[in-house]
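Enquirer: Here the protein sequences come in this chain order: Z and V. Start counting at 1 in the first sequence, then tack on 476, and there's your number in the working numbering. Start counting at 1 in the second sequence, then tack on 29, and there's your number in the working numbering.
Just so you know, these hints were derived from the structure itself, not from any lab. Source: prediction; values computed, not measured. Just so it is clear, CB atoms sit at the ideal spot from N, CA and C, and this is done for glycine as well. Do not rely on the hints blindly, as some may be mistaken.
Stated by the list, open to error - If you only want the chain Z side, here are some residues facing chain V, beta carbon under 10 Å, derived:
id	residue
1	LEU509
2	VAL575
3	TYR586
4	ASN597
5	ALA605
6	ILE621
7	PHE649
8	SER670
9	PRO729
10	ASP739
11	GLY751
12	ILE765
13	VAL768
14	TYR769
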Amino acid sequence: MSALAHVPTSSGQPAAPPGARRGRSRLLPYLLLLPGAAWLLVFFVLPLLQLAAASLYDPSGSISTGYAMTWAFGNYPDALQQYWPQLARSFGYSAIALVLALLMGYPLAYGIAQKAGRWKNLLLVAVVAPMFTSFLVRTLAWKTILSDNGWVVGLLRDVHLLGADGRLLATPFAVVLGLTYNFLPFLVLPLYASLERLDPRLLEAASDLYASPLRAFQKVTLPLSMPGVIAGTLLFFIPATGDYINAELLGTPNEYMIGNVIDSAFLVRLDYPQGAALSFLLMAAILAIVFVYLRKAGTEEVL
Amino acid sequence: MRRWLADRWVMGVALLVLAYLSLPIIVVAGLSFNRPSSRLSYDFHEFTLDNWTHPFPTLEMRDAVVRSIEIGLIATVISTVLGTLMAFALVRHGFRGRAGINGLIFLPMATPELVMGTSLLALFVAAQIPLGFWTIVIAHVMFCVSFVVVTVKARLAGMDRRLEEAAMDLYASEWQTFRRVTLPLVLPGIVAAALLAFSLSFDDFIITNFNSGTTVTFPMYVWGAAGKGIPPQVNVIGTAMFAIALLVVGASSLQGRRARRAALAAPVAAVGAPKSAS
Chain Z
477 MSALAHVPTS SGQPAAPPGA RRGRSRLLPY LLLLPGAAWL LVFFVLPLLQ
527 LAAASLYDPS GSISTGYAMT WAFGNYPDAL QQYWPQLARS FGYSAIALVL
577 ALLMGYPLAY GIAQKAGRWK NLLLVAVVAP MFTSFLVRTL AWKTILSDNG
627 WVVGLLRDVH LLGADGRLLA TPFAVVLGLT YNFLPFLVLP LYASLERLDP
677 RLLEAASDLY ASPLRAFQKV TLPLSMPGVI AGTLLFFIPA TGDYINAELL
727 GTPNEYMIGN VIDSAFLVRL DYPQGAALSF LLMAAILAIV FVYLRKAGTE
777 EVL
Chain V
30 MRRWLADRWV MGVALLVLAY LSLPIIVVAG LSFNRPSSRL SYDFHEFTLD
80 NWTHPFPTLE MRDAVVRSIE IGLIATVIST VLGTLMAFAL VRHGFRGRAG
130 INGLIFLPMA TPELVMGTSL LALFVAAQIP LGFWTIVIAH VMFCVSFVVV
180 TVKARLAGMD RRLEEAAMDL YASEWQTFRR VTLPLVLPGI VAAALLAFSL
230 SFDDFIITNF NSGTTVTFPM YVWGAAGKGI PPQVNVIGTA MFAIALLVVG
280 ASSLQGRRAR RAALAAPVAA VGAPKSAS
């Protein structure tokens, strides 16, 4: 593609049309890119720089009196000291949710990709169907499902998995369940894409060579689906860690994640430097984990 | 029997997981027919059609839904145009700085919404831009553009360029080729991208929450109502959204199947239809 574009043009020719067209088409891609790239630069990159600056403002300022830039790096340890439980909880909850999602998502993706036959497309639609309705409304539905008077709690109480006054709503369990539910489709789709390409004859070959189903899975299926696992994990983990809707609607302040704190720093307490510092801490932590994970997983082709 | 089980258990687990994924939708649809016993109760109490016949209990909720549609439409048009232009540049042209542009498009999709929302708020506050309808539009266009680029790019990359070459060989001008050949072929991709952008915009809460000021969209309304009791009509809107999206997906898959069948049938018909080859 780009190699073609750099083919030297026969510049000496007076016959204008082809040359003129080439001249214009050299400029054309930049013109096509300009509006979109400008929008992203001004409203995505520039804000990140502004957020970095705001995280170093003098914390004693306020919205009404204005903030002074004092390179207050102390905002970071201060914010971390005050809110490390919420930050740790964000990563803890989304890590547990991720494990649950992998345990549920892998058989689902595998079943659809390899076993569903002509039902494949219908089942795929069913996977993304939750996203057809509003995120908040479907999260609120869990309030009904897990309600103290609902059949789920009733059943669990009957079989004594839950005490007589035990509840599911407003517990860490509800928040993790909500996170798992809300972001599961993001994990299943890339996983499906890589499992769909898996040639079933490879598994037959493994079994012909006396591999047990478990061993064939370990040695053939799992390694070949790794790109999907990695992409799905990232697509699940990044939004789940930054989410605070589940913690707010299904939990209590005891289950608050870092997003709840950042939300209140910006919109309730109006402490911009602290909110900005926490946002940056979140992003840095996510980037660090993603980086380590990709190094460990040893695949960079997914990006 | 053991073989049968070994073959089926994966599908069994898969269906159970699908049930888990579908449960909330069923509950939302059910609750849209519910007359709750009290304002703060989320339990099913009594069947009624009232919510569907009167979907807007307050003016505030109606305005919020209308505003979400307005914002969604404007953000969709802008982001679809910007994203489609970028996709054409990426697939059809060579230029310097491709890696940078790819990064610029990829990063917003990998950044937590929380960070995008707070950083945009920091910018608006620093630039003293009043928050409201248009800051929401700006934010929505920002996070929709990348998804449009990816969607249109996929369609463009899978296109047979020989069709355009054929048009040019038949003396179609560059513009005619674009208008009569390229555009119709890419259009399904552009429509899919626009639908995706609209649904992302209509449903966005986190980024909107930071950049809306006092302007209320539908998700903002639901969030605000969560504390003081959600009117059951919210479930009507949720169910209607679901039904519309399902119809759109169904219609497009039917359309696609018909087009594929027509494409398969055309050469067969030309040769004189052998008796059901398959």
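Enquirer: Does the closest beta carbon of chain V sit nearer than 10 Å to the beta carbon of Z/PHE649?
Expert: For Z/PHE649, the interface hint is violated, since the closest Cβ of chain V sits about 14 Å away, which is over 10 Å.
Enquirer: Mind checking the CB of Z/SER670 against every CB in chain V and telling me if the closest is under 10 Å?
Expert: Check failed: Cβ of Z/SER670 comes no nearer than 16 Å to chain V, outside 10 Å.
Enquirer: Going by Cβ atoms only, is Z/GLY751 closer than 10 Å to chain V?
Expert: This interface hint holds because 6 Å falls under the 10 Å limit.
Enquirer: With chain V as the partner, please determine if Z/TYR586 meets the hint condition of a C-beta pair closer than 10 Å.
Expert: Result: holds, 6 Å to nearest chain V Cβ.
Enquirer: Does the CB of Z/ILE621 sit less than 10 Å away from some CB of chain V?
Expert: holds (6 Å)
Enquirer: Does the CB of Z/ASN597 sit less than 10 Å away from some CB of chain V?
Expert: holds (7 Å)
Enquirer: When the nearest CB of chain V is found for Z/ILE765, is that gap smaller than 10 Å?
Expert: violated (12 Å)
Enquirer: With chain V as the partner, please determine if Z/PRO729 meets the hint condition of a C-beta pair closer than 10 Å.
Expert: violated (13 Å)
Enquirer: Is the interface hint for Z/ALA605 satisfied, with its Cβ closer than 10 Å to some Cβ of chain V?
Expert: It holds, given that the least Cβ distance between Z/ALA605 and chain V is near 6 Å, below 10 Å.
Enquirer: For the hint on Z/VAL575, does the least C-beta distance to chain V fall short of 10 Å?
Expert: Cβ of Z/VAL575 sits 14 Å from chain V, so the hint is violated.
Enquirer: Closer than 10 Å between Cβ atoms is the bar; does Z/LEU509 clear it against chain V? Give me holds or violated.
Expert: Holds. Min distance 5 Å.
Enquirer: Against chain V, with CB atoms and a cut of 10 Å, does the hint on Z/ASP739 hold up?
Expert: Given a least distance of 7 Å, the restraint on Z/ASP739 holds.
Checked against the numbered hints given earlier, the structure breaks hints 2, 7, 8, 9, 12, 13 and 14 and satisfies all the rest.
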